[in-house]
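Trainee: Start from the sequences, fold in the hints, and give me the full structure.
Just so you know, the protein sequences line up as chains A and B, in that order. Using numbering that gives the first Met the number 0, read the first sequence as starting at 0 and increasing by one per residue. Using numbering that gives the first Met the number 0, read the second sequence as starting at 0 and increasing by one per residue.
Everything labelled a hint here was simulated from the structure, so no lab data went into it. Be aware that a few hints might be false.
[To be verified] Which stretches of chain B does chain A cover? Using the computed rule of at least three CB atoms under 8 Å from a CB of chain A, they are:
(1) 124-130
(2) 210-221
(3) 225-234
No residue lacks a Cβ here, since even glycine has one placed at the ideal position from N, Cα and C.
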Amino acid sequence: MRRALVSAALLSTLAVVAACGGSSSDNAGGTSSTTGSTSAASCSKSSLELATPGKLTLATDNPAFPPWFIGKKADSPWDPTTPPTKKGYEAGVAYAVAKKLGFSDAQIVWKVQQFTQLFKPGSKPYDFDINQVSYNPKRAKAVGFSDSYYDVEQAVVSYKGSKIADAKSLADLKDAKLGYQLGTTSGDAISETIKPSSSASVYSNSNDVVSAIKAHQVDGIVVDFPTALYMSAVQVPNGLIVGRLPSTGGQQEHFGLVTSRGSSLIPCLNKALSELRSDGTLKQLQQQWIAGGAPVLQ
Amino acid sequence: MNDPGRASRILGGGAGRSTAIATASTLVVFGAIALIVVTSTGWPEVKQAFFNWDEFTYSFPKVLRALKLNIEIFLIAEVFILIFALAIAILRGLPGPVFFPVRLLATAYTDVFRGIPTILVVYLLGFGVPALQLSGVPSSELFWGTASLVLVYSAYVAEVYRAGIESVHPSQDAAARSLGLTRAQSLRFVVVPQAVRRVVPPLLNDFIGLQKDTALVALLGPVEAFREAQIISASDFNYTPYVVAALLFIALTIPLARFTDWLIARERKRRLAGGVR
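Mentor: So this is what it looks like as structure tokens:
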């Protein structure tokens, strides 16, 4: 009896290993190729493949924080289950892209999508997600990315009186205990650019990051620069921005709109974004919602 | 089970034959399940997302390294839990009206900490207490994470101890007292040793739970195995690191589970010793 159990356990382990094996180069899950629809002329509203016909379904996390989305009150986060305020940088980009695709504001539906659900297998119940998702090649194997709608930098937030409040260079951050939010590229910035002596703390969401610095469990937190502006001004008591960080590995980081992999919508989103870039809309939105500066730490 | 004689006589056939049957039936059952999964329409996507070999080999060493922290938390917490829980169980069992407030406190403790989800205790203590910024109180997230596990699991383990203590027949205590042992001596040398021996299997069962719950400490910032898996998963948009973490947690708990089985078997044998088999 016991022997049988052992062999059963062995077999199930083998099954898992076998499942993991196999050629990794095969285009698993590929129902359509990444080229999608190549004809640029197919971006008319009626020819788009949408999650809900006739509507443009957009997604972001709940709560959606300033300066990306702004709720009813200034400096308050937006709850995507409440009526849209259309305020904030990402809100601005989303509505501008939708307009380019031919949708009126009334035809836009918002859905809540947590970051960790973004890449679950299967079809997505929305057309694109806009939630400060940085592009990288590995991620692009699981989801579809549009071109950049924001070129992002990382920044260090701390509080008055902390041991890094007056840091002037990357070297001054070496002995700091730093924290960041799970899933953000801020972790790479810490491990590759700052290289602190103690390992960084990782938090599940942005509220926990703020809790940790409020409790002084970390000296500083690394977030993208626009978020740093909001956190240092509103969320962290006596908060300040220590400085911006040079780009990780010399690569410009950017946020992209996230779709299902190989979505036929991507060429149309890229076309819309490129028009918004060349007509100055993106720049104008940035000036409207993301104002402020900080020195770059070297 | 270790005595094949009677079992095989009843089942008919030798050990070799039953092993062959077991193997064949196992192959059929698991083969059928595997076939259903692999031929499903969503399988290629699921395979890519959960069983990606490149991702597996990439994340395995990293998650394994992070598992060290889980083991450390577990070992430290376990020592304190064993001590606290026994103290609580004894306090709860103190007889007499004088000790009513003590019993009340001990009961309230077990009720409260068994009632609150562990994840909430970790959050409340881990972020709440350091935020008070009291001098002399540690703000380390590892300290508070481990402390939360000790508090919660002590409540469970105290109940296990109490069950053990109450299972020792009162005549044992009466006999010890009549021999001139004090109440404390009777507890120390007669009741608790018998009680602990009886509850070792359920104690270990709780510790298997504790091994897994060490992952909750990650909420406060430390990077242990589950968090490391989450980090890689979020960076690469792939769930395979979670499978890696699951396999490692299983590998961690199986030795303890088998040890528990062995202890239960030994205990049963001892109780049945001399009895009709």
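Trainee: Please go over all the hints and tell whether each is borne out by the structure.
Mentor: Right, here's what the structure says about each hint:
no. : hint    : in the structure
1   : 124-130 : holds (count 3)
2   : 210-221 : holds (count 5)
3   : 225-234 : holds (count 6)
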